[in-house]
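Visitor: Heads up: the sequence shown is residues 1 to 154, going by this note's numbering.
Just to be clear, a hint being listed does not mean it is correct.
[Stated by the list, open to error] Have a look at the derived ranges for each label pair, beta carbon to beta carbon:
| hint | residue 1 | residue 2 | range |
| --- | --- | --- | --- |
| 1 | Arg23 | Phe96 | 36 to 42 Å |
| 2 | Glu44 | Thr124 | 33 to 39 Å |
| 3 | His57 | Ala3 | 16 to 22 Å |
| 4 | Gly30 | Ala98 | 33 to 39 Å |
Treat the hints as calculated values from the structure; they're not laboratory data. Where is the CB? At the ideal position from N, CA and C, for every residue including glycine.
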Amino acid sequence: DEAAAQLSACLQSLAEQSWQPARVVVAYRGALAEALDAVVAGWEPRLPLMRAALPAHADWGAVLAAGVAQADGEFVGHAEASSVSQPWRFERQVGFLAQNAQFDVCGAQLFDVDANMQPKVRRTAPEKTPRSVPSLPYRNPFNHATVCCAATGC
1 DEAAAQLSAC LQSLAEQSWQ PARVVVAYRG ALAEALDAVV AGWEPRLPLM
51 RAALPAHADW GAVLAAGVAQ ADGEFVGHAE ASSVSQPWRF ERQVGFLAQN
101 AQFDVCGAQL FDVDANMQPK VRRTAPEKTP RSVPSLPYRN PFNHATVCCA
151 ATGC
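Construct the entire structure; sequences and hints are all you get.
Guide: In structure tokens:
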């Protein structure tokens, strides 16, 4: 099952992070498919997992809010079930936020990959304020699957 393989790869990448989180929240809507539930159960002994199950009709914002509400620590990182993060991703993002208290959030570019983890599409994000300000009324400049934020600013 492709979704289960993606979720397992995501959790593997979280286990391999150079900065380890206090908690990994798996937030979802409705009942998990059997294959996905088995993946989460298999990772529970290896990661500090917590499940946040929402009703099937919950919107995406409610799912994100539930994940943030269950987070533990000074910083919150976001990843999707299909996200595979570089092993240094959270170390760099948390380090940036810890050293730059004037910022509450940071993100990164990302690659959409195929089943063999080969990049298909690169989604960049503006890196300089002058480039991002004009787009703010029309577009969020962050790739939400790459966001890391101070827990007080999420």
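Visitor: So which of the earlier hints does this model not fit?
Guide: When the structure is compared with the hints, only number 1 turns out to be violated.
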